[in-house]
Amino acid sequence: QQPVQSPQAVILREGEDAVINCSSSKALYSVHWYRQKHGEAPVFLMILLKGGEQKGHDKISASFNEKKQQSSLYLTASQLSYSGTYFCGTETFGTDKLIFGTGTRLQVFP
Amino acid sequence: DAGVTQSPTHLIKTRGQQVTLRCSPKSGHDTVSWYQQALGQGPQFIFQYYEEEERQRGNFPDRFSGHQFPNYSSELNVNALLLGDSALYLCASSLGGNTEAFFGQGTRLTVV
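Which chain is which? The protein sequence lines are A and X, in order. For the first sequence, counting from 1, position 40 maps to 40 in my numbering; every step adds exactly one. For the second sequence, counting from 1, position 64 maps to 64 in my numbering; every step adds exactly one.
These are calculated hints, taken from the structure and not from any lab test. Each hint should be verified, as a subset may be incorrect.
[What the hints assert, rightly or not] Lysine-lysine pairs mimicking DSS-like chemistry, simulated, CA-CA at most 25 Å apart: (1) K37(A) - K26(X); (2) K97(A) - K37(A); (3) K59(A) - K37(A); (4) K97(A) - K26(X); (5) K26(A) - K68(A); (6) K97(A) - K26(A).
[Said to hold, decoys possible] If you want a taste of the chain A side facing chain X, the calculated C-beta under 8 Å gives, among others: (7) A41; (8) F44; (9) F87; (10) T95; (11) D96; (12) K97; (13) I99; (14) F100; (15) G103.
Here a beta-carbon is modelled for each residue, glycine too, at the ideal position from N, C-alpha and C.
Using the sequences and the hints given, assemble the complete structure.
Structure follows, in structure tokens:
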């Protein structure tokens, strides 16, 4: 039931782009994305509620393909502050519980 | 706005003991969810409270129980502690379901 994220880890230089994928075996109602820095609480990035929906702010955006039960997080022109572990959280129809994925560790170097 | 606050921040307990963790949700939020996060892992859903009732539950034994008070604050109780219960316990609040959840800084529980 836990969504699977790929890749498990990403290493970038400042200014480079990255894509993080989240895949579920269940039909999804929504996908949430969070970033967690070491020793800190997860911080909300965005939520996607509709099939095919795309959202974004600043240089971080995401898409949600409801038919494939997949979501992707796009980070463009990465900054040092983007470093951390990214988690997707998924909600299936009929439940309100958020199940977090396996996580993707992102490191951005100067 | 103080956001989500959890107490205590750190706790050390002995196997077999019982522990109570506390969470105050963000102002205006009525739903509280609890998560257990082991080192290097993603948060694992324990349960969710809404209107003082447990609405959803994850795959955790009955040793894990909770409560929500009329002011929406919540407690997580764990009985008969095991070494494997050592983890960061996170509380998240939201306004209903399917909305953004705000996390507290967590309680680091160590069972020795």
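**Item:** Hints that the structure is at odds with (numbers, increasing)
**Value:** none
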